[in-house]
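Make the full structure from the sequences, and use the hints.
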Amino acid sequence: MINAGSYVQIHKIILHPLERSAQVPMDTKAVPLEMFVKGFLLNDADLNDFVQIKTVTNRMEQGTLINITPNHKHNFGDFVPEVVQLSKMIKAFMDGDDC
Amino acid sequence: MDMSYLGVMSRKNEIMQKSVGIDYKKYEFGSIAFDYEKMMSDINYSLNDIKQIQLENGVGNTPLKELKNITKMVRKVAPKGKGARIFIKDEALNDSGSFKARRASLSCYHAKKMGYKGVIAATSGNYGAAVASSAAKLGLKCIIVQECFDSKGMGQPEILEKARLCEAFGAEVIQLTVGPELFYVFLNLLDKTGYFNASLYTPFSVAGIETLGSELVKQCITQVGREPDVVICTNAGGGNLTGTARGIKAETNKKIEIVGASVNLKGLHMASDKDFNRKSFTTGHTGFGIPFAANPDRSDVPRSAARPLRYMDRYVLVNQGEVFYLTEALALLEGIERGPAGNTALTAALSIAADLDEDKMIIVQETEYTGAGKHHNAQISFAKNNGVNVYFGDPEEEVPGTSIVLPNHPGLIKARVVDLVHLKKSCIKNHIANNKNNFLMYEDILFLMDEVNENELFVLETIKDLNVKEIKLKGGNT
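The listed protein sequences correspond, in order, to chains A and B. Just so you know, the first sequence maps onto residues 9 to 107 in our numbering. Just so you know, the second sequence maps onto residues 242 to 719 in our numbering.
What the hints contain is simulated information worked out from the structure, not anything from laboratory work. If a hint is listed, it holds; no wrong ones were tucked in.
In silico BS3-like cross-links for lysine-lysine, where the CA-CA straight-line distance does not exceed 30 angstroms:
id	chain 1	residue 1	chain 2	residue 2
1	A	K20	B	K253
2	B	K670	B	K705
3	A	K96	B	K317
4	B	K433	A	K62
5	A	K37	B	K507
6	B	K393	A	K46
7	B	K321	A	K96
8	A	K81	B	K393
9	B	K378	A	K62
10	B	K267	B	K353
11	A	K62	B	K382
12	A	K46	B	K253
13	B	K393	A	K37
14	B	K267	B	K279
15	B	K490	B	K279
16	B	K323	B	K601
17	A	K20	B	K259
18	B	K313	A	K96
19	B	K677	B	K710
20	B	K393	A	K62
21	A	K62	B	K358
22	B	K353	B	K378
23	B	K601	A	K99
24	A	K37	A	K20
25	A	K46	B	K515
26	A	K62	B	K253
27	B	K353	A	K62
28	B	K515	A	K37
Just a few of them, taken from the derived set where beta-carbon distance is under 7 angstroms, the chain B residues facing chain A:
id	residue
29	H510
30	A613
31	S622
32	L647
Since this is a predicted model, take the numbers as computed values, not measurements. Where is the CB? At the ideal position from N, CA and C, for every residue including glycine.
Quick look at the structure:
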């Protein structure tokens with residue numbers, strides 16, 4: 009069980025595929041418009057429960073509890089050999105070893 | 242109250258007027274015209290007022306740095322005697338890491354002055370962090386609405402990083418999957434909260450950038466002894482170029498060429514779920530640059546203050562692989578590590594400088610911060626994981642969404658010229674398409690001349706084949 013007051017992330021469908029705007033391309037129209045918001049859980053709940061949260065601007069939002077540890081996972085990416093090669097080429101060019 | 246999609250969208254104008262505090266209708270006249278300069282001057286903040294507001298909020302006065310080694314690189318590939326000096330305005334040093342701090346500072350200051358309790362901005366770019374930072378300083382609540390994930394839940398790393406920074410400044414971040422109906426969520430929030438719409442396209446947001454243009458002219462005169470010859474602006478929604486050009490014009494009468502530069506993402510649909518994560522640039526690209534230049538009022542306010550065709554002398558495109566090359570070169574040769582999207586204008590400068598004499602001076606007017614997600618290594622890695630083919634070769638071969646071609650020689654980097662005449666004609670056609678009457682007043686013609694910075698003949702030739710029955714001159718003559 010996740011305690012009330014925990015900082016969590018919820019998920020909500022804003023528009024189902026049939027409700028989507030006429031101007032969006034077919035691939036987008038085939039999927040729903042989804043929303044993800046973080047905030048403090050108002051009542052004790054379990055993962056995947058429909059819950060209410062209070063956001064950091066004190067707004068109330070409702071949705072499915074999907075994440076109890078909403079951490080940031082983005083990073084500098086995998087090792088990219090092309091970037092190392094690029095660095096080597098630029099230095100060689102400036103040092104006059106180019107072509 | 243009808244809170245459905247159609248219900249909220251039908252109240253768009255009412256919500257907008259309340260959330261921006263501007264009655265846009267009062268600037269409209271003729272059949273299609275509107276008084277742009279009056280709208281800009283009605284904000285009642287002089288350039289000096291804005292400088293003072295920004296100074297008190299940790300914004301502006303960023304250094305102008307000469308990129309001697311990048312210039313040296315240009316001269317190694319340019320014909321003898323060619324290779325203009327390149328300078329960069331290091332806007333990443335603003336508190337929130339980009340020139341967007343200038344836009345946000347004035348918008349948030351005005352929101353506070355008008356008594357709004359909070360601000361909302363719909364942006365996946367650096368502007369979100371800029372609004373969040375300014376709001377934090379002023380004690381305003383802040384909500385940022387982002388288009389962030391595809392339908393598989395995969396987030397663009399650059400946008401995820403901007404979400405993190407917004408949260409660091411205390412903002413609430415609402416993240417959405419792909420689609421222009423983000424506007425519905427945005428309107429709904431404005432309606433429910435009564436917060437200020439810190440849109441990128443209000444007069445406050447564009448006037449905030451005028452200090453950038455003014456500063457760069459002054460710095461050039463102080464550091465080099467004269468005004469620059471060319472200023473290159475990364476162009477997306479058009480505000481950056483518009484505000485910078487207006488600031489330059491406020492500071493000097495000397496003719497300075499204003500160049501817009503965008504990353505070429507031709508072929509990728511901006512509202513496509515599948516294309517969303519096949520691009521390595523989420524701003525500064527043609528997906529915004531071209532449609533917003535041709536139709537500025539497609540923005541999130543009724544009349545956009547960003548009108549780049551009024552000021553743009555040349556518009557050029559560069560490719561993704563070329564910008565990654567310059568991003569790496571900037572770090573390696575100048576010791577300045579910055580985000581790739583902010584280096585779009587720098588990439589164009591490499592090519593433009595090679596065509597100019599050595600005594601000419603080019604200013605690249607922005608940089609942006611870099612870091613996890615916003616780093617070129619993160620973007621290239623993400624592209625590869627999404628099936629984009631990354632290889633060394635001739636950048637001309639690059640197909641957005643399919644390949645990223647890293648140039649194997651700096652001489653291959655090109656600023657490809659966009660047909661500005663065609664773009665201006667498109668802009669006029671879009672205005673005519675919005676015409677509720679089947680005639681134009683002469684004042685509409687004058688408006689169109691200002692709108693595309695062309696003469697009467699150009700405008701009349703363009704509208705000749707369009708569905709305009711007559712042009713009414715003053716006094717009722719046609």
